[in-house]
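Using the sequences plus the hints, can you model the full thing?
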Amino acid sequence: KAILNLFPSAKFFEAIDTRGFNVLDYKDKVQEDSWEALKIANEKNIRNYHHSLTNGSVGCFLSHIEIVKHIVANKIPYSLVLEDDCIIRPQWNIDLPKFLDHILDDIPLDLDLYFLNLSSFFVETIGFNTEDGLKIFNPPWAYYMDESKQWVKPDNKNFQFFQVHSVIISYEGAVKILQNFTKVKMQYDSFLANLYRKGKINIYINRNQIFIQNQLNKSSIDTIKKVKNIFFFEEIFLQFRQVKCRDFSLT
1385 KAILNLFPSA KFFEAIDTRG FNVLDYKDKV QEDSWEALKI ANEKNIRNYH HSLTNGSVGC
1445 FLSHIEIVKH IVANKIPYSL VLEDDCIIRP QWNIDLPKFL DHILDDIPLD LDLYFLNLSS
1505 FFVETIGFNT EDGLKIFNPP WAYYMDESKQ WVKPDNKNFQ FFQVHSVIIS YEGAVKILQN
1565 FTKVKMQYDS FLANLYRKGK INIYINRNQI FIQNQLNKSS IDTIKKVKNI FFFEEIFLQF
1625 RQVKCRDFSL T
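Sequence positions in the sequence shown follow the numbering used here and run 1385 to 1635.
Hints in this document: simulated from the structure, not taken from any laboratory. Some clues are possibly wrong.
Lysine-lysine pairs mimicking BS3-like chemistry, simulated, CA-CA at most 25 Å apart [unchecked claim]:
#1 Lys1584 <-> Lys1453
#2 Lys1423 <-> Lys1584
#3 Lys1459 <-> Lys1567
#4 Lys1411 <-> Lys1453
#5 Lys1584 <-> Lys1569
#6 Lys1453 <-> Lys1567
#7 Lys1569 <-> Lys1453
#8 Lys1395 <-> Lys1453
#9 Lys1584 <-> Lys1459
#10 Lys1537 <-> Lys1584
#11 Lys1459 <-> Lys1482
#12 Lys1567 <-> Lys1584
#13 Lys1560 <-> Lys1413
#14 Lys1428 <-> Lys1413
#15 Lys1537 <-> Lys1567
#16 Lys1395 <-> Lys1459
#17 Lys1453 <-> Lys1428
#18 Lys1459 <-> Lys1560
#19 Lys1582 <-> Lys1413
#20 Lys1560 <-> Lys1453
#21 Lys1533 <-> Lys1395
#22 Lys1584 <-> Lys1413
#23 Lys1560 <-> Lys1584
#24 Lys1482 <-> Lys1537
#25 Lys1413 <-> Lys1423
#26 Lys1482 <-> Lys1533
#27 Lys1411 <-> Lys1428
#28 Lys1423 <-> Lys1569
#29 Lys1582 <-> Lys1569
All values derive from a computational prediction rather than experimental measurement.
In structure tokens, the structure reads:
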């Protein structure tokens, strides 16, 4: 209802449900070695990396691909894609349609993907420990920043991010995604990050986090626990506070 109030013409897509045994119906959509790894992960209820598949992540990937196909088929210049558990960050009091219009007036011409969930991004550690043992991370927005712009461009050498709950996709970006997709090999966010690291798509990030995931809705993607937990948000935000950013409050 909240989305329809803001965007009466919004189109809703039914997600592909691959939870539990439903995933068996989509075996032919998953690369063979990734399918074998998924079977092992289910048997042991453990996975080593974020990019490793879970049953639910297969459906998430395929659901996003269906939206990307729709964008290409209808030649839509720019599309805002929101997952069903996505909400506007409570601290923000903005006129969202006007804010998005402002973004579209400011974005680079070579944009493929424009993310609105800033806190989900990071780059690899520089391998340095502080006195209390915490690793220091280079914030991705340190790669390219223009103080006159609302966006930043992350370093693509060690780039990674989590979550794709709020992203603007250009028609050109959607075409590139489909050109590089054959079967599901990894989680969708890791797939996009991998394309960016290889220079196959252009990603920009909004300076401010506009959308977050509603924590009241438990995700069905990360149903297999991970061996390796990465703790980086606190260090990133400590550095982020030192970066001068513009605040927008369009009412």
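In rising order, the numbers of the hints this structure does not comply with: Hints 2, 15, 17, 21 are the ones this structure does not satisfy, whereas the remaining hints hold.
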